[in-house]
Each structure stands twice: as C-alpha cells, then as structure tokens.
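K.L.:
So the protein lines, in turn, are chains A and B. The first sequence begins at 574 in the working numbering and counts up by one. The second sequence begins at 574 in the working numbering and counts up by one.
These aren't lab readings, by the way, just hints derived from the structure by calculation. For glycine and all other residues, C-beta sits at the position ideal for the given N, C-alpha and C. Take the hints with a grain of salt, since some may be wrong.
What the hints assert, rightly or not - Examples of chain B residues lying across from chain A (beta carbon under 8 Å, computed): (1) Leu649; (2) Thr709; (3) His732.
Given next are the chains, with one letter for each unit.
There are 2 protein chains.
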Amino acid sequence: MPTAARPNSKKERRQESEKLILAAAEKVFSEAGFGGATMQLIADVAGLPKANLHYYFPTKEALYRQVVRNIFQIWLQAADVFDAADGPEEGIGAYIDAKMEISRRHPAGSKVWATEVMHRAPVIQDYLETTLAEWTESRVAVIDRWIKEGRMDPVDPRHLLYMLWATTQHYADFGHQIETLNNGERLSDAQWQEATASIKQIILRGIGAVH
Amino acid sequence: MPTAARPNSKKERRQESEKLILAAAEKVFSEAGFGGATMQLIADVAGLPKANLHYYFPTKEALYRQVVRNIFQIWLQAADVFDAADGPEEGIGAYIDAKMEISRRHPAGSKVWATEVMHRAPVIQDYLETTLAEWTESRVAVIDRWIKEGRMDPVDPRHLLYMLWATTQHYADFGHQIETLNNGERLSDAQWQEATASIKQIILRGIGAVH
DNA sequence: CCACAACCTGACCAATCGGTCAAGAAGAAT
DNA sequence: ATTCTTCTTGACCGATTGGTCAGGTTGTGG
Numbered sequence: 574m575p576t577a578a579r580p581n582s583k584k585e586r587r588q589e590s591e592k593l594i595l596a597a598a599e600k601v602f603s604e605a606g607f608g609g610a611t612m613q614l615i616a617d618v619a620g621l622p623k624a625n626l627h628y629y630f631p632t633k634e635a636l637y638r639q640v641v642r643n644i645f646q647i648w649l650q651a652a653d654v655f656d657a658a659d660g661p662e663e664g665i666g667a668y669i670d671a672k673m674e675i676s677r678r679h680p681a682g683s684k685v686w687a688t689e690v691m692h693r694a695p696v697i698q699d700y701l702e703t704t705l706a707e708w709t710e711s712r713v714a715v716i717d718r719w720i721k722e723g724r725m726d727p728v729d730p731r732h733l734l735y736m737l738w739a740t741t742q743h744y745a746d747f748g749h750q751i752e753t754l755n756n757g758e759r760l761s762d763a764q765w766q767e768a769t770a771s772i773k774q775i776i777l778r779g780i781g782a783v784h
Numbered sequence: 574m575p576t577a578a579r580p581n582s583k584k585e586r587r588q589e590s591e592k593l594i595l596a597a598a599e600k601v602f603s604e605a606g607f608g609g610a611t612m613q614l615i616a617d618v619a620g621l622p623k624a625n626l627h628y629y630f631p632t633k634e635a636l637y638r639q640v641v642r643n644i645f646q647i648w649l650q651a652a653d654v655f656d657a658a659d660g661p662e663e664g665i666g667a668y669i670d671a672k673m674e675i676s677r678r679h680p681a682g683s684k685v686w687a688t689e690v691m692h693r694a695p696v697i698q699d700y701l702e703t704t705l706a707e708w709t710e711s712r713v714a715v716i717d718r719w720i721k722e723g724r725m726d727p728v729d730p731r732h733l734l735y736m737l738w739a740t741t742q743h744y745a746d747f748g749h750q751i752e753t754l755n756n757g758e759r760l761s762d763a764q765w766q767e768a769t770a771s772i773k774q775i776i777l778r779g780i781g782a783v784h
C-alpha cells in the first residue's frame with residue numbers, strides 16, 4: 574500500500590511549502606511594506622533558504638501578488654452574509670460582524686491590502702476595476718432597494734459602504750494605535766464585542782434601520 | 574540698507590529649502606512607503622542634489638521623522654473645533670468637517686501617518702503614548718459629559734472616536750480605491766460635500782445627537 | 001577687502017538588494 | 001536497480017542603496 578495514507582506526498586508537501594511561504598510573506602509585507610520587506614527576511618521567517626523561495630515564486634512581485642489576491646478572496650467572501658439577508662438590519666449587521674471577524678483574524682492581510690491601495694494599487698488595479706467595481710454595484714442596488722422599500726433612511730449607498738469598510742478595517746490597520754490607547758494591551762474578547770456592538774448600534778440607528 | 578527687505582536672506586533660504594525637501598519627502602514617502610522611497614527620488618522631486626538632502630537632514634530616518642511629526646501637528650489642530658463647541662451636534666459635526674478637509678488637502682500626509690501606525694509606529698511611538706493618549710483622554714471626558722447631560726445616547730466614546738478617525742481618513746488613505754469606483758475620476762466639490770454630509774448624518778443620528 | 005562660516009555638490013564607498021545557477025539530494029516511475 | 005523529474009541550497013553577481021567627504025562656492029560680519 575504505497576499510494577495510500579502517506580503523511581507527505583509530493584504534491585502535499587508542495588502545497589504546504591507554498592502556504593508556509595505565503596504566511597511568512599504576508600507577515601513580513603504587512604510589517605515592512607513591499608519595499609521594506611526583503612526576500613531574505615521572508616525566508617528566515619519561513620525557515621527556508623532564500624533560493625528556495627525563488628523556486629516556488631519566481632520574483633518578489635509574484636509572491637506579493639499572490640498574497641494580495643488571497644486577501645482579496647477572503648475579503649469578498651464576507652459579502653455572502655450581506656446577500657442572504659432579508660433587510661438592512663440583518664444584512665448590514667451581519668456584514669459588520671463578518672468584517673470585524675476578518676479584521677481580528679487576518680490583520681496582516683488587511684494591512685497589506687491597505688498599503689497596496691494607498692500606493693495606487695500597482696499590482697491589483699485590474700481587480701479594483703473589475704471584481705470590486707461589480708461587487709460594489711451589486712450592493713449599491715441592494716441598498717437602494719431597501720431604501721425604496723422604506724426599510725432604511727435615504728442614504729448614499731456608496732458612502733455607507735465606505736463607512737462600513739473604513740470602520741471595520743480600522744481595527745486591523747490601526748490595531749497598534751488602538752492597542753496603545755488601550756494601555757498597551759490587545760483588545761480582549763469582550764472589548765471586540767463592545768467594538769462590534771458600538772459600530773452596529775451607531776450605523777444601524779444612523780441609517781434608520783433600527784429604532 | 575543691507576539688512577532690510579532682501580528677497581533671500583540666508584535663514585529664509587534655509588527654511589525654504591527645508592520646506593521644499595519636506596514636501597518632496599512627504600509625497601515620495603506616501604507613494605512608496607519608507608522602505609520603497611529613495612533619497613535619490615526625493616532629491617529629484619525636490620530638484621536638489623542628493624548630497625544636499627543630507628546636509629539638511631542627516632539620515633533618511635530623520636527626514637521621515639520630521640515628515641510624520643508635521644502631519645501629526647496638523648492632525649491635532651483639527652481638535653480645536655471640537656473643544657470650542659457647545660454640544661455633540663456642533664462639536665462632532667465640526668470635527669468631521671475639519672478632518673474631511675484635512676483628508677482632502679493633505680492626503681499624502683494621512684497616508685504616511687497610516688503607514689507608520691500600521692508598521693507599529695517605529696519612529697513616533699512616544700507620540701502615541703503621550704500626546705495622542707492625552708488628547709484622547711480629554712475628548713473621552715467631553716463625550717462622557719455630553720452623555721451624562723443627555724445630549725446624546727450612551728455610546729462608548731473611544732469606539733466613537735475610532736469611527737470618526739477611520740471614516741474621515743478613509744477618504745485620504747483609500748482615495749485611489751474611491752476614485753476607481755467613481756469611474757476613475759477624483760471626487761468633485763459636490764461629491765466631497767455629499768460624503769461629508771452623509772457621514773455627519775449617519776453618525777450624528779446614530780448617536781442620538783440629532784433627530 | 002578680508003576672513004570666516006555656512007552652504008553646496010560630484011565622486012565615491014561599503015553594504016545590501018533581488019535574482020541566478022550549477023551541483024547535488026530526494027522521490028517516483030519503470 | 002536505474003532512470004528521470006522534482007526539489008533544495010550555498011555561492012555568487014550586477015545593480016542599487018544610504019551615507020560620506022573633500023573641495024569649491026556663496027554670503028556675511030568686521
């Protein structure tokens with residue numbers, strides 16, 4: 574039985590190596606930016622020789638591109654709860670929950686995304702113009718429908734989406750500042766719940782989705 | 574009359590050179606990050622030889638530090654309108670106006686600040702722990718007073734402040750993404766007013782400061 | 001007019017960067 | 001066992017980086 578239940582087949586090891594490298598790259602890129610990150614440091618974090626990185630990813634930019642794309646996928650998935658909802662209170666509330674969960678579990682990814690966009694998105698501009706634009710159009714239509722149905726106040730849907738993105742991602746991107754203002758300690762479970770509840774309270778009341 | 578009304582005295586020229594370098598540095602740092610920025614590029618943007626930069630600022634880090642500190646000063650001044658106000662509607666409304674104006678006029682500075690914080694504030698951590706912490710404490714007290722006086726709903730003041738920072742700075746830090754979603758065009762005067770009005774409407778209603 | 005300090009800059013340097021490559025190690029297929 | 005592909009790695013390279021420095025220019029006070 575040579576082909577069954579081997580702990581490490583060749584393809585499995587390849588995937589594991591790629592994941593290991595991508596995780597290390599995400600961390601280093603988020604802490605130093607694209608220009609400040611070095612392949613040597615990523616290799617050290619991954620526990621691999623530098624030359625091995627170039628076997629799996631031909632260039633630094635190719636590795637960075639893959640990191641950003643992975644984040645974008647996670648980020649888009651948070652929209653599922655938005656669509657499945659019946660009204661703004663449930664839909665936007667669940668969306669805030671999902672995005673806060675991502676900020677908590679993938680802060681490094683959020684930072685890489687933010688840095689990429691701040692630098693005018695040199696490697697993912699096509700994603701912004703296609704996938705993100707379509708995603709946004711779709712949600713704008715949903716919000717407009719809710720407004721027309723009188724289930725929330727008339728608010729510009731785009732600025733509402735920007736507020737949702739900004740507020741939730743702030744807890745990842747500016748986590749260090751928040752931590753510093755929290756006596757140097759990371760937010761506890763209860764504090765994360767308070768943050769999420771505060772955001773939901775202000776925004777859902779602010780748009781008249783709850784009274 | 575040698576000492577009067579000379580167009581370029583030595584000290585004036587020094588200040589002008591420093592301003593020129595700082596403006597170029599702010600632009601380059603915001604577009605490339607600390608690691609991606611090069612002294613040569615900053616020198617080119619400023620129209621000066623690279624060696625001249627090192628005459629005014631001994632190291633790249635010293636130049637970067639000055640850029641970040643200048644931004645921090647502008648950023649703190651926006652708080653003046655907060656203090657002069659009588660109640661939450663006026664105070665927070667004017668604060669949103671001021672911060673949106675900064676996002677519009679100093680987007681590069683906002684990006685440098687954001688990148689610095691995302692990288693765990695290696696050069697301005699002392700500012701976060703002292704000046705920003707005191708500033709925050711002071712405004713938390715003001716908001717708590719407004720709540721106690723029944724002029725707004727009970728909301729965690731810190732999370733409210735984070736929401737204000739996140740939402741307003743988003744229009745600077747993620748300006749490229751917003752521009753892309755606006756058919757590739759910069760926001761017009763009217764669109765900036767709409768953005769500011771939307772934010773004020775949602776937040777001020779969300780905290781019960783206006784009905 | 002002189003002397004001194006402040007200012008400017010082309011040329012240069014050690015260090016580090018992303019990336020390459022040849023030579024070998026490890027599995028898989030036969 | 002043998003062959004072949006896939007994987008691994010130390011050593012290396014040209015290019016670029018932040019920073020230095022000697023020598024020259026400019027402005028200023030006496």
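K.L.:
Indicate, hint by hint, whether the structure satisfies it.
P.N.:
Now the hints, each set against the structure:
no.	hint	verdict
1	Leu649	14 Å, violated
2	Thr709	6 Å, holds
3	His732	4 Å, holds
Hint violations for this structure: number 1 only, all remaining hints satisfied.
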